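Visitor: Construct all of the structure, not just a fragment, from the sequences and the given hints.
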Amino acid sequence: MNMQSVYPKEQGLYIPEFEHDACGVGLLVNISGEKSHEIVEKGLQVLENMVHRGAEGADNKTGDGAGIMIQIPHEFILLQGIPVPEKGRYGTGLIFLPKNNQEQKWCMETIINVLKEHDLNLLAVRDVPVKSEILGDTAREAEPDIKQIFVTGDSSGEDLEKRLYICRKKIEKSVLNSDLRVKRSCYIVSLSTQKIVYKGLLSSLQLREYFPDLTNPYLTSGLSLVHSRFSTNTFPTWDLAQPYRLLGHNGEINTIRGNRTWMEARESLLNPKALGCTINDISPVIQPEMSDSASLDNVLEFFVMSGISLPHALSIMVPESWNDKNPLSSELKAFYEYHSILMEPWDGPATLLFSDGRFAGGMLDRNGLRPARYLITTNNMLVMASEAGVLQFEPSEIKEKGKLHPGKMLIIDTQTGVLYRDEELKETLAQEAPYKEWLDKNRINLEKISSGRTVKNSPKDYSSLLKCFGYTKEDIEKIIIPMCVDGKEPISSMGNDTPLAVLSDKPQRLFSYFRQQFAQVTNPPIDSIREELVMSLTGYIGAMDKNLLEPSADHCKMLKLKSPILTNQAFDILCNLRYKGFQTTTLPMLFKAEEGARGLEKALEELCLKAEKAVDDDYNYIVLSDRGVDETMAPVPSLLAVSAVHHYLISKRKRLQIALIVETAEARENMHYALLLGYGASAINPYLAFGVLDDLVKTKKIYLDFHTAEKNYIKSIDKGLLKIMSKMGISTLRSYRGAKIFEAIGVARSVTDSYFGGTVSKIEGVDLEDIAKETIEAHRKSFEPDQSTQSLENTGQYSYRRNGERHAWNPETISALQLATRMGSYKKFKEFTRLVDEKAEPIFLRDFMKHCNNPIDISLVEPVEAITRRFVTGAMSFGSISKEAHETIAMAMNHLGGKSNTGEGGEDPERYKIHEDGSSARSAIKQVSSGRFGVTAEYLINADELQIKVAQGAKPGEGGQLPGFKVDHVIAKTRHSIPGISLISPPPHHDIYSIEDLAQLIFDLKNINPTARISVKLVSESGVGTIAAGVAKAKADAIIISGAEGGTGASPSSSIKHAGLPTELGLAETQQTLVMNNLRGQVVLQSDGQLKTGKDIITMAIMGAEEFGFATSALIVMGCVMMRKCHLNTCPVGVATQDETLRKRFTGKQEYLINFFTFLAQEVREHLAEMGFTCLDDIIGHTERLTYKPAGANPKAQKIDISKLLFRPDNTGSNALRKTTGQQHQIDAVLDRELVEISGKAIESCKPVQADYTISNTNRSTGAMLSGVIAAKYGNAGLPDNTIRFNFKGSAGQSFGAFLAKGVTFRLEGDCNDYMGKGLSGGRIIVTPPAGVIYAPNENIIAGNTILYGATSGEIYINGRVGERFCVRNSGATAIVEGAGDHCCEYMTGGRTVVLGTVGRNFAAGMSGGIAYVWNPTGDFDYFCNMEMVELSLVEEASDIKDLKTLISRHFQYTQSPLAKRILNNFSEQVEKFIKVMPIEYKKVLHEEKAEALKQKIAQVERDY
Amino acid sequence: MGNPKAFLNINRKEAGYRPVNERIYDFGEVEQTLNPEDRKLQASRCMDCGVPFCHWACPLGNIQPEWQDMVYRGEWKEAYEILTQTNDFPEFTGRICPALCEKACALKLSEQPVTIRENEAAVAERAFTEGMIVPFPPKKRSGKNIAIIGSGPAGLACANQLNRKGHTVTVFEKDESIGGLLRFGIPDFKLNKKIIDRRLSLMEAEGIIFRPSTPVGNNISKIVAAYDAVCLAIGSGHPRDLNVEGRDLKGIAFALEFLQAQNRMFLSTSGPEEKISARGKNVLVIGGGDTGSDCVGTSVRQGALSVTQIEIMPKPPEDHNEETPWPNYPMVLKTTSSHEEGCVRRWSLDTKRFIGENGKINAVEVETVMWQKDGNGRMTMTHTGKTEIIKTDCVLLALGFVHPVLEGLIGTLNVTLDGRKNVLSGAYSETSQRKVFAAGDVTQGASLVVRAIASGRKAAAGIDAFLKGQACFPEPINN
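Going down the list, the protein sequences come from chains R and Z.
Here the first sequence is numbered in numbering that gives the first Met the number 0, starting from 0 and rising by one per residue.
Here the second sequence is numbered in numbering that gives the first Met the number 0, starting from 0 and rising by one per residue.
Hint data in this document are derived by calculation from the structure and do not stem from the laboratory.
Please note that a few of the clues may not be correct.
Stated by the list, open to error - Below are the DSSO-like pairs computed for lysine-lysine, each with C-alpha atoms no more than 30 angstroms apart in a straight line:
hint: 1; chain 1: Z; residue 1: K280; chain 2: Z; residue 2: K221
hint: 2; chain 1: R; residue 1: K826; chain 2: Z; residue 2: K351
hint: 3; chain 1: R; residue 1: K700; chain 2: Z; residue 2: K12
hint: 4; chain 1: R; residue 1: K780; chain 2: Z; residue 2: K434
hint: 5; chain 1: R; residue 1: K772; chain 2: R; residue 2: K609
Unchecked claim - Covered stretches of chain Z (chain R as the covering partner; in silico rule of three or more C-beta atoms under 8 angstroms from a C-beta of chain R):
hint: 6; segment: 9-19
hint: 7; segment: 28-42
hint: 8; segment: 55-69
hint: 9; segment: 79-85
To be verified - Derived contacts from chain Z toward chain R, CB cut-off under 8 angstroms, selection only:
hint: 10; residue: P3
hint: 11; residue: K4
hint: 12; residue: V50
As the structure is a computational prediction, the values presented were derived from the model and not from experiment.
Think of the CB as a built atom: it goes at the ideal place given N, C-alpha and C, for glycine as much as any other residue.
Guide: Right, here's the structure in full:
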């Protein structure tokens, strides 16, 4: 196969657009600018010490990419005999060229020609020496010819730099328009007078060897910026290695689709005068088909080249959060506000390290989820990297240790030797122009304008409109009423079992054909409630028509909106605003119903042209309106109209010059608003939804006045939008708008390509004809003269209705399954499977597939037991389902040799014991979820499989909440929490912000339980294949692809309906991508999502699954009747409830489940015999065994094309289709092996042991394996205190002391990276700076982010400051620290935290239990505290004072902290400076406990009398 | 759903019957009513299931969760509207339906299903008594004329639906009064005839033309020619007989003859023919079904000396029947209000012969039978030879119906019949004759009122589609 340096083309379900990467970055700077080879050498060392952050391909040799940026090594160049002029008068850089001679010649000629045009000469070309032989096969096959070019001209310095830039952009454009076989085979790595980049498809360790230049002692530089890449793919792409021209990026830009589109639209408003060229010369600013990081670099470079300073440009593109919750000056806020009008944030997790050759520095995005630690030495060296400890220094050499904080930057000018800190940099920027004044004078706040006009809220023809726009009874009762009454989205339970919109025979709104995308693994979702400080819906709408590169007050002539939803009143004001020349024009979104699809198409064309004309006529606002529907005119689907106009205007480069406001009757629920905004709407006026509110108020269906109902309704939309955005990890509506974070399912490519900017659509489906038909059908109904059908239809979207939407779980299927499994009748079971497999109309994509037959005798087929082993049950927590149900499932699965799953809620250790009859109620799979409830060493060790739940089918990208009233004693015990206290699961795992973090968690779990299989649960969406490839490279043993149809105990209704894809699509994409990458052989693939029958299993197996998950069906077998009331705790059959009386109604038996799974296996055998195979393994991944089966009479369904699902990549011949080998976990040589050995005696007979070790950042998860061994023997009780004591010196790697068991004390002298004490299970950790440090410990960072995540017990003493999210989800550990970053004590449910120092923003967000004491001499703590769930008080009660003093004394005892000593010395005075942080719920529980104790005492006293 | 936890705190409460020693002296309705507060509480017990089995089990597809919620909230009018979207006559079904919905209610699993049937009756009564129901004649007439033959529940539902759609409907009835089995089959103590009259006057006010005492018979061809569509809803009038020795003795009557005679007592139009009466007699009802039970109640009220009811099938289990688990209709022992009023019930008895004197019946010989399941799970009967004599001077045969009366109308029309000699009808309820449709028992055999209404509605939809030219009917169906 000809492997060129490209991704494979889009094929099957694989789309290159979805590739992700994440990485390790490092920056070394000599602050005073002195050049040396040492800087380069140390840079390489930094890279090599972060090798675990990069990844390798299936050949275990090809790295994902590594590179280094240095200053131009002038002397070295001269030594190579290249006659370059003096420094700064020439430019140089590496170029990747095609190996093909002719093509290479063409490339060189092009370069020379372009240079000539700009009066530049190609002075010399140097063959860069490389050692190709060290490359892995994949990298070698794609290796380019690498040359270094030298360019001169009669110019120098900045002018030359700019010219080089223009030339490079022109060359890029020529290459793009060339006939090169592979466009990216010609790539200019860098071309500059200041800096040079060496990079390639290498591993961190290979970089040095591959480029011998780098080890040449004459190669000197004053800075080096290194990067190692962890990509989800293993496709050979040399050009995607980093650093790029200005930066190295660790992270991911979530809003990239929108950013790229807006940048394209913006080009017409960019006139780079400073560059001395026009925008057309360098257009496209963003080089196509590159990564998100590359695009970010492109735009940053463009700004810098156009004369905007590096910090300024970065602050525009990646602004910090500046809403009310952030302590920034009003000038700086104005600076950000001004620039937010010009550009939307490039949003997503990011550590950016950058340099233009002179300035160098780093910054974090607003969320700061990626680590960036730095230190400054006494001899003026700055080291900044993803981890601490990447270079070793003597303690006395270190002047300062710190970390970058969210949204903050740090820059060094190597020329002047000045270090600029964030505050200084930003204040300078803020002073550059009178931003505040400009805004105040020009920007209009819509909220503040009032008008005397009265606006009617009840539209004319109200009831006809409802029908015309397809409102159903459920829309009003299940969506709108809860929204306007409660101000939040309604909650439902169980999964979505209705057909995809394209398979439904009920007319659908166009909205229903789209699905929300969400973040998993490669970037974290955000908690939009608890971390509100980074979220914003604020927007500015209006026209932009001036050069954006020139600062001007004119840019501020905008309307500021706090929410994108306009009330009728606000909308009326907007339409009639004449202020500062604002002008509005209304364009009707209507078409002639009788003209059908042609009419619709025509209307869209006209709409686009009219919109363009409105821009040309200098209007500021276009209102797209569907008012005016009548018997002849039908409404254009609003989403179609908005998206069509938005994309048309972008293509004409006229989008920014106007705002698109949608006045529509169609939008009613959150998903609709998200879609309209995601496809370009600036603001929305949902007048019919307001009409419904008006009607509800007038008919007294709700007891609110209109104003309150409207306020609640908008509030719930706002919340919903924040949630939908945060699911994808996006913080601001400005960057969500137009970002198209959706995919279409069942929409023809012709439609998505023409109107939706190429949104992904994989199975074809409805075209304009169908869309028109569905619209016209509803329109016709609304104007029928029939009087008898006044009230709205209930179409059964949520609940089953006989004439409504079809449900896969309906009375027939439910009762047939229950009957069959109860009676143990296989015959009845076949009746059930007939109902499912042979339903008249398709519900799932699998209904379009049938397998090919070639029968053999069934006796030849592998036995039932071989098949039931492959069955698992879904992760349903004890808490969501009853004890009875939970244990019944476990018993049944253990009997069958399958596996049951604990779900997120811990497990009672009693269940680990094997019963006398050999049966057991222990769940084989223990889930590790974001809440980490009950995840202790003992829990983890008692598992055959540890499952990391990244996402859940019913609510991907969201966390959960178990309200306090449901947390009874038993549940609290298994979850290691306190009864009565709410438990919040965060949306992200706070130790998985990226793929390398996932690799770390897998490593942690593998260490503690080396025999357990580690699996990762993902949810089907487009791009899940590439994520799965990353997960496979992160060394997961198994990957679960869950369908969006999956169930839930409670989830917002819209998430159940509108997020994620059917399992078939995700599974097939995963299988294809893994096979393409040759990673499939290393992992087991499992799938679930409404699997019910043997045929379903066979279909999934052929599409690539080896194991199969069942949840809803198992519940139904146990008696569930799909009440969909799990969230109310009122399950009448005792399955999904904790209510004691209801639990008594549980009638499920393990025999029923055993029957079910045995029947299923038997049916699988029958199918295998029919197909002619003796075992399931033989069909896995063999999609040629499946064929398309037309299903149903619905003409829409006939348009489905499943060929991409059945696609087999070319290389399936040689690559494995199922698991054939395994992962190399590399845990054989970990430090813990030594620790375990030395602790042998201690563990055996509790004899104390002590030892000393040196440790480095490559020693990760230290203590986990040891704790596993202890927990296996002693459970959570562990060993007596201090039985095992280890002293470490150095920089500990990530997850130091993870799950540390009781009886073990770790003392670390040095510093430590992220995730220390993760899941601490009773151990003690002490961290102090090494003896001899010259800095004050309490002013320096000693440990990283997310310490004590999910700790259940134990102690930790830290003599220094730590990073973000200290004590996140701590449920029982005691911790003392001398200062912490943002989000300290987030989601804490128990334990105690003492902070002897300042804390960052958002302290105690979501904290429901435990106590925190904060030493706050400055008296400003309340600003930093999130007061939603806690109460602050002084430490006044004697017991508190005593408690605090004991803790601090112990801190001093263990760490000798000077600060602790100072406080203790003067405790009675210092205690007044402490603030006690107490969760309100916790206070209530304690109060109740006290009252209860009193009551008992009184009773006792009375009895004694 | 109003109160998600109501089912936990509030028990099922039935209104119950009037005391036996009071009710057996009149023909007034035996069932009592709850006060409105209790009724609301009962309705609040509905859990608004995600999969409402009640709605699925109801032949009409009544949407119980939706209208019961309205009852709970006191929105009676809306409850009535929701109910009548699927059911033309909730005041009938609310009284006499065996309530398949309640047997499928998820709360039946814990033996406390929602009192759906009573709730339904309450909605209808409330709507009528509070004047929420006013005639609502169609605003526009389509100009199409339709003849409905038969005025039982199927014919009436069909007529009602078609009238709503603007067609002009004429209902032909052979008997002297409109209502079919509703009027002449069901005793007053279960369904007071005034309830029927109330509905009929409403339908008349909305424009339906009723033609009682108009047997169609051989004139059917003329009607077919004169109308745009015709719907046959003549029921399944041919009763099953017991052809054993002595069948021709006097004092043996079909149940329906007996019940009709009683019902005619309340009609001013009642004819002078000889009346069958149970007064002063030892009555034997043969057949253990609902009709038999009606005979029991009627006999008691007429002043029978004793009443015995026998059944050939074995006695069904009392509470649970494993064979018919939820959500199926449970085959269990059903004790009606009539049974409570005094009667001996016996099972597994086969009637061997009727014994009489002077041409009049005075005893019946019965034989005990045994039932066993065969290999296919089917019940098979064996005679034990154990016989006995039951003294009786009035035998009522309540053995069901076999098929419609084939002589006359059906014979003349020459429509195709199915294997069981019911009129064969298609997806649109069309018969083998163009323009002719069929609804109710005439197509499906004797069944429940609720099924008849459902069938009538379905035929109306078929006829409407046919009249609008929307339905493409296949070639006339042939058997």
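Visitor: Now look at each hint and say whether the structure bears it out.
Guide: Hints versus structure:
{"no.": "1", "hint": "K280(Z) x K221(Z)", "in the structure": "violated (47 angstroms)"}
{"no.": "2", "hint": "K826(R) x K351(Z)", "in the structure": "violated (39 angstroms)"}
{"no.": "3", "hint": "K700(R) x K12(Z)", "in the structure": "holds (28 angstroms)"}
{"no.": "4", "hint": "K780(R) x K434(Z)", "in the structure": "holds (27 angstroms)"}
{"no.": "5", "hint": "K772(R) x K609(R)", "in the structure": "holds (25 angstroms)"}
{"no.": "6", "hint": "9-19", "in the structure": "violated (count 0)"}
{"no.": "7", "hint": "28-42", "in the structure": "violated (count 0)"}
{"no.": "8", "hint": "55-69", "in the structure": "holds (count 6)"}
{"no.": "9", "hint": "79-85", "in the structure": "holds (count 3)"}
{"no.": "10", "hint": "P3", "in the structure": "holds (5 angstroms)"}
{"no.": "11", "hint": "K4", "in the structure": "holds (6 angstroms)"}
{"no.": "12", "hint": "V50", "in the structure": "holds (4 angstroms)"}
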